[in-house]
Amino acid sequence: MTSEQLQEIFGNEIGRVYSFTDSIPEGSDPQVHITEAFATAAGSNLINCIVTHIFGTWLVYTKESEVTSDKFTLLVELPLPVPEVPEVPEVPEVPAESETLPE
Amino acid sequence: MIVKYNMLGSITSAQFKSDIIGLITGTITNVGGLSAGCDTARTTFTGTYPTGKYVLENAGTNTFSKVHSVDSGTTHYFRLNFGTSVLTSIALARGYTSGSDTLINSAVTTLNLVPNANSYGGQFNSGITIVITASCIHITSLYSGVSFGIFDIGTNGITATYTDSMKMASVNTSTSAFTIPYSYALTGLSSGYTTITGSINVPVTPVIVSSASGTIIPENPTFISSVQQGYSAYSVSNLFRIPLGFADFQYNTSGVTRQTGPGYAIVTE
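If you read the sequences in order, they're chains A and B.
Numbering-wise, this note's numbering comes out as the position in the first sequence, counting from 1, plus 1.
Numbering-wise, this note's numbering comes out as the position in the second sequence, counting from 1, plus 791.
Just to be clear, a hint being listed does not mean it is correct.
As the list claims (entries may be wrong) - Footprint (simulated), chain A over chain B, 3 or more residues, beta carbon under 8 Å:
1) 886-893
2) 897-910
3) 976-984
What the hints assert, rightly or not - Computed beta-carbon distance windows for the label pairs:
4) Glu67/A to Ile1007/B: 49 to 55 Å
5) Pro84/A to Thr1006/B: 51 to 57 Å
6) Thr22/A to Ser891/B: 17 to 23 Å
7) Val86/A to Asn849/B: 48 to 54 Å
Since the hints were derived computationally from the structure, they do not count as laboratory data.
Glycine included, C-beta positions come from ideal geometry on N, C-alpha and C.
Whole structure, please, built from the sequences with the hints as guidance.
Below you can see the structure in the form of structure tokens.
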């Protein structure tokens, strides 16, 4: 999945998208398990995030603090930088043609 | 229920917090239950508390559950984050795990609601107005510049299929911005559950009109929709669009009180 696709789904406000790289215990709710793992990695159960399954991968999106953990890989920081538009070289103005028709 | 909550200059952070929590949990239903920091002479309660809808799940983190007003099988959660003498933010969530006290699929909105002493006299409410119904909680404070609520919403053509989508939204009734923390977005190959944001839309903004017997304040329903769901619309419970020029803060229609924000009316029962 590309950064552009991630921005399409999560929007262009400031935020981070992580992939969950650990295994999910059998019988457990993936969203609960991943959220709790993310809260543990963040060091706070007050963190706000969403957990979603896209492209066959469990993703975590948060607008809050950066998380460093071997269970989560940072995929992208949003919004993506706006690509610079190359400057168009100035074209010298062409003098307007005379409206007077030759006789 | 609508509470016009006015405070004394002496109100403490703990009193402010306990009053807000008590109003939402329903343990405070009259001025006698409010703290000593409340200006009881200028505080009023109108209407009835919606029993059975709100439960304080964790008093340490001020986490509540709320049963949907129509779909009793749907429960969502919200958390009030307090600082010193300030209600900093509200997090709205699809789910909650009590064991770890963790919100599941949540988004937070900054409020910065602070207590303030009544400064304009008895006939004006310069404090905080709180609407608590089975469908919504709405908070207005001129002093803090807050006009915000969490509202029940219906389903639409997308969420009827993708049923893990939330049936609640946070709405800033000053800017018209809304957030649904967790709902299904159809964005081609990258479709999936995500946070949906956008701006409220209405069929048309009404204007004040008159009959032979008096003035009528028209109310139009409000809807929210997003390009991420093909502009499939949700209705918003208890929230109506009213004429922009209407400047009063409370009025009755058919015996039910409305609280108004800028261009919006919130039904208080």
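### Query
Do three or more residues from the stretch 976-984 of chain B put their C-beta atoms closer than 8 Å to C-beta atoms of chain A?
Our answer is that it holds, as 8 residues pass the Cβ test (under 8 Å) against chain A, meeting three.
### Task
Would you check chain A against the stretch 897-910 of chain B, counting CB to CB pairs closer than 8 Å, and say if three or more residues qualify?
holds (count 3)
### Message
Between the stretch 886-893 of chain B and chain A, are there enough contacts, at least three residues with CB-CB distance under 8 Å, for the coverage claim to hold?
### Response
Contact hint for the stretch 886-893 of chain B vs chain A: holds, 5 residues under 8 Å.
### Task
Check the following: the C-beta atoms of Pro84/A and Thr1006/B are separated by a distance inside 51 to 57 Å.
54 Å, holds
### Query
Okay, Glu67/A versus Ile1007/B on CB: inside 49 to 55 Å?
Once the Cβ atoms are compared, 54 Å apart, the range 49 to 55 Å for Ile1007/B and Glu67/A holds.
#### Entry: Outcome for the supplied range 17 to 23 Å, where the beta carbon pair is Thr22/A and Ser891/B
21 Å, holds
### Supplied distance hint 48 to 54 Å, evaluated on CB atoms of Val86/A and Asn849/B
50 Å, holds
The structure is consistent with each of the numbered hints, conforming to all of them.
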